[in-house]
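Those protein sequence lines, which keep their order, are chains A and B.
With the UniProt record's numbering, letter number 301 in the first sequence gets 301, and the count goes up by one each step, no holes.
With the UniProt record's numbering, letter number 286 in the second sequence gets 286, and the count goes up by one each step, no holes.
The hints are simulated quantities; they were obtained by calculation from the structure and are not laboratory data.
The reader is advised that the hints may include incorrect statements.
One copy or any two copies: either way a pair holds, since identical chains are not told apart in the list.
Unchecked claim - Keeping only pairs whose Cα atoms sit at most 25 Å apart, straight-line, the calculated BS3-like set for lysine-lysine is:
1) 70 <-> 29
2) 117 <-> 96
3) 189 <-> 96
4) 70 <-> 286
5) 303 <-> 45
6) 96 <-> 188
7) 180 <-> 96
8) 96 <-> 70
Note that the structure is predicted; figures quoted are calculated from it, not measured.
Number of protein chains: 2
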Amino acid sequence: MPSGSVLVAGGTGYIGSFTTLALLEAGYKVVVADNLYNSSPEALKRIELICGKKAEFIQLDVTEENGFDKVFEAHPDIDSVIHFAALKAVGESGEKPLDYYLVNVYGTINLLRSMVKHNVTNIVFSSSATVYGDATRFPNMIPIPEDCPLGPTNPYGNTKFAVETAITDVINAQRNNAIKAGNEAEAKKWNGALLRYFNPAGAHPSGIMGEDPQGVPYNLLPLLAQVATGKREKLMVFGDDYASHDGTAIRDYIHILDLADGHLKALNYLRANNPGVRAWNLGTGKGSTVYEMIRAFSAAVGKDQPYEVAPRRAGDVLNLTANPTRANTELGWKAERTLEQACEDLWLWTKNNPQGYRQEPPAELLAQLKK
Amino acid sequence: MPSGSVLVAGGTGYIGSFTTLALLEAGYKVVVADNLYNSSPEALKRIELICGKKAEFIQLDVTEENGFDKVFEAHPDIDSVIHFAALKAVGESGEKPLDYYLVNVYGTINLLRSMVKHNVTNIVFSSSATVYGDATRFPNMIPIPEDCPLGPTNPYGNTKFAVETAITDVINAQRNNAIKAGNEAEAKKWNGALLRYFNPAGAHPSGIMGEDPQGVPYNLLPLLAQVATGKREKLMVFGDDYASHDGTAIRDYIHILDLADGHLKALNYLRANNPGVRAWNLGTGKGSTVYEMIRAFSAAVGKDQPYEVAPRRAGDVLNLTANPTRANTELGWKAERTLEQACEDLWLWTKNNPQGYRQEPPAELLAQLKK
């Protein structure tokens with residue numbers, strides 16, 4: 001069993017909850033901190049139903065001064081943080097950028113300050129492929145490798161970029177200051193993973209755990225799921241005049257279980273190899289257009305899903321497909337699940353939990369879980 | 001006389017105090033907010049001695065929650081902010097990056113939040129040529145134009161870059177949201193100037209106002225001034241193996257009075273032309289090596305100043321020389337004072353005020369001022 005506890009900031013959200021599950025399944029002790037904005041503590045109950053283990057929960061906002069100090073004081077065995085706590089809607093970030101700078105950027109500064117104060121030395125950060133911006137502006141950068149020059153094209157991406165530099169600068173300073181003081185062992189303890197992920201998709205194959213956005217979802221698959229259940233009349237396709245084979249934008253959809261596993265592998269790598277700060281793409285390496293996704297999800301549902309073409313959205317780019325070679329070779333991690341599986345798992349979750357975590361999971365799914 | 005008051009955040013520091021003087025001389029009403037870290041309120045007395053006008057002073061830290069709200073509530077006539085309040089030592093930023101992210105980045109988020117809340121719609125930001133990083137990595141980017149791709153090479157530069165994106169995103173959102181609401185007049189009110197300056201130098205020609213760093217100064221000329229007065233044995237030259245004609249690094253030194261005038265011109269431009277967010281270089285366009293600066297200052301003092309060559313510093317680059325064409329043509333601004341004048345003014349200030357603002361100015365200089 002791994003030593004040391006892990007704090008998962010934002011651990012009741014979509015990716016955070018699946019990563020919490022992966023950590024518990026791997027034997028880690030987990031403390032989840034979340035302000036429950038756009039998420040539900042019910043996610044933690046589903047995790048317990050699935051794996052039989054429990055994460056401790058603390059309600060906390062990342063911008064609360066000294067908030068993390070209290071967590072680290074109460075849990076001196078925490079030596080690592082996986083940091084998801086952030087606002088994540090590209091469109092909203094253009095309308096309310098101050099909220100994004102406050103929560104995403106200041107929230108992380110606040111977290112880093114407490115980590116340094118309490119000697120919590122590993123951080124795995126929930127970054128985004130958005131930091132690359134439009135990689136088609138360079139020759140030979142699709143699929144995108146980690147050393148592609150960064151250049152976000154919207155406020156959300158700008159905040160992710162700023163946080164990447166903050167983590168890099170703080171970890172490097174902790175290392176350099178320790179080395180200057182002649183303490184190389186201390187220097188090696190400070191490590192950071194910048195996980196740039198592509199498009200998370202799918203749900204738990206049990207059908208009792210998935211994405212549960214409050215209000216209007218922002219991403220293609222949750223929107224398609226609402227169309228399938230009749231909550232939404234049709235899907236809006238933003239732009240069919242991109243330079244792709246069918247005119248719609250290309251993204252790299254990765255099953256949420258693979259993505260969660262990438263976080264676990266990155267944390268293990270930081271602890272075992274002490275690389276300092278390192279960026280890894282978490283993607284499949286395979287791009288899909290919006291039209292291909294509509295077809296794949298329609299196949300899972302067994303019914304064609306209606307859509308309508310609308311103009312491109314500001315800040316969107318043609319192609320975000322990962323080159324995942326670095327994560328494959330260094331982390332020994334690979335996206336193993338197919339797009340079809342992601343669509344099937346999403347549909348199983350959606351049709352069985354039309355109100356998400358605001359209703360009990362169906363008895364027949366719980367019965368299957370126990371087998 | 002211009003309408004509306006101006007808040008100068010960080011207005012007792014070096015560039016802030018000279019800009020406050022320029023604003024008062026131009027007829028603006030000025031409120032200065034400063035936490036007096038690395039600066040002295042005595043600067044405001046010297047300003048009054050020179051121009052006969054007074055800025056109101058409020059002691060305030062940029063990171064104080066709701067601090068700016070109180071200022072804007074007490075001064076509803078403030079419609080513009082010139083924002084200098086920041087930490088500024090490149091070397092220190094590598095050792096204490098968290099302080100830089102907190103003060104520079106969060107401080108600005110905090111300021112912008114209050115500006116939006118209180119409808120204070122113009123901001124002139126004290127950025128830095130450091131945001132360009134090493135422009136020699138591109139062909140034809142020396143001297144550096146504003147559209148050179150950005151790429152800071154140290155934590156200080158990273159914080160300036162993050163603040164540039166925050167200001168850009170917030171001003172753009174205020175404009176776009178107003179336009180969506182059908183209020184074009186409101187949209188035009190929101191403007192931002194990103195002033196990327198090169199190396200400020202010199203002092204007021206009266207000899208009673210200049211740079212007064214607490215503790216160890218960071219920059220070439222203040223260090224040379226300490227050598228000239230015997231406070232420091234010799235100047236350390238960091239790197240003589242750069243690809244310049246004499247091996248030392250090239251910077252663009254601009255007289256502090258020209259730099260202050262650039263802030264005034266930028267503010268006037270924002271108010272008159274409503275450009276949205278715009279970046280301007282404030283530099284002379286002429287680069288000088290470290291050795292050339294030592295010679296120029298030695299000539300002003302009338303005595304050769306001793307130096308010693310040391311290794312390059314991390315994060316330093318070969319050449320930061322401005323292409324100031326955009327500021328010249330759009331702002332109608334040009335650096336008019338020579339390097340020789342900057343050195344003479346610096347020496348007049350230094351030799352007459354060996355303790356900076358911690359002593360009264362010499363009576364003979366005050367007498368000359370009254371003539």
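Hint check results:
1. For the identical chains of this complex, residue 70 and residue 29 are intra-copy neighbours only, at 18 Å inside a copy versus 45 Å across copies, given an alpha-carbon limit of 25 Å.
2. Within a single copy, residue 117 and residue 96 get their C-alpha atoms only as close as 31 Å, which misses the 25 Å cut-off; across copies the closest is 13 Å, which meets it.
3. Taking identical chains as interchangeable, the C-alpha atoms of residue 189 and residue 96 lie at most 25 Å apart only when they sit on different chains, with a minimum of 18 Å there against 37 Å within one chain.
4. Proximity of residue 70 and residue 286 under a CA criterion of 25 Å is satisfied in neither setting, with 43 Å inside one chain copy and 53 Å between copies.
5. With identical chains, the CA atoms of residue 303 and residue 45 are never at most 25 Å apart, being 32 Å at best within one copy and 77 Å at best between copies.
6. Taking CA atoms no more than 25 Å apart as the test, residue 96 paired with residue 188 passes between copies only; the shortest distance there is 18 Å, against 39 Å inside one copy.
7. Proximity of residue 180 to residue 96 under the C-alpha cut-off of 25 Å is restricted to the inter-copy arrangement: shortest distance 14 Å between copies versus 42 Å within a copy.
8. For the identical chains of this complex, residue 96 and residue 70 are inter-copy neighbours only, at 23 Å across copies versus 30 Å inside a copy, given an alpha-carbon limit of 25 Å.
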